[in-house]
Amino acid sequence: MSDQSRPHGHSFTRVPRAGDGATAAEISLIKVNDSLDAISTLLDHAVSGGREAFVRDSPAYASGSMAVIRAAALFETEEFEAHLGDVADEVRRALITMRNIAAHSGCRSMNDDLFWQTLIVDLPTHLESWRAAARNRLTD
Numbered sequence: 113m114s115d116q117s118r119p120h121g122h123s124f125t126r127v128p129r130a131g132d133g134a135t136a137a138e139i140s141l142i143k144v145n146d147s148l149d150a151i152s153t154l155l156d157h158a159v160s161g162g163r164e165a166f167v168r169d170s171p172a173y174a175s176g177s178m179a180v181i182r183a184a185a186l187f188e189t190e191e192f193e194a195h196l197g198d199v200a201d202e203v204r205r206a207l208i209t210m211r212n213i214a215a216h217s218g219c220r221s222m223n224d225d226l227f228w229q230t231l232i233v234d235l236p237t238h239l240e241s242w243r244a245a246a247r248n249r250l251t252d
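Quick note: our numbering has the sequence shown finishing at residue 252, numbered continuously throughout.
Keep in mind that a hint or two might mislead.
For each label pair, taking beta carbons as the anchor points, the in silico distance ranges come out as [claimed, not checked]:
no., residue 1, residue 2, range
1, V167, D234, 19 to 27 Å
2, D156, A200, 37 to 45 Å
3, I232, D169, 18 to 26 Å
4, A194, D169, 32 to 40 Å
Honestly, the hints are just simulated from the structure, not real lab data. C-beta: ideal position from N, C-alpha, C; glycine also.
Using the sequences and the hints given, assemble the complete structure.
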């Protein structure tokens, strides 16, 4: 599959192995960037049909749920913290709470309007900030 045929032009990069001479920090940064790309792709799919297509049990809703799950996963290990910059505790807690609702309680417990706002306003802003922090790590 060429990059042009991939959804939204995103491609994935093979993570270097220790034998490739990459440091642990370099491998971690590649993983963060791959995760951010995956979250962006999921987010794009979730919102591309607009609010009217974003309904429970739809592919868009599932993609939005997965975007939140993947975003919250960035904070489950200390490995990625250095690459994401300063993230407010309330942002971490909000993502983890929303992830827990999506993953454990099911959609019936989700406030769909708040979820939609998170996907069109909050998460894109955070992704932009996290990408900038990761880019800055490349120049450090």
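**Cβ separation of I232 and D169, checked against the hinted range 18 to 26 Å** = Holds: the Cβ-Cβ distance is about 20 Å, inside 18 to 26 Å.
**Item:** Beta-carbon spacing of A194 to D169 - inside the hinted bounds 32 to 40 Å or not
**Value:** holds, 38 Å
**Verdict for V167, D234 (Cβ pair) under range 19 to 27 Å** = Holds, at about 20 Å.
**Request:** Indicate whether the distance between the beta carbons of D156 and A200 respects the range 37 to 45 Å.
**Result:** violated, 25 Å
Going through the hint list in order, the structure does not satisfy hint 2, though it satisfies all others.
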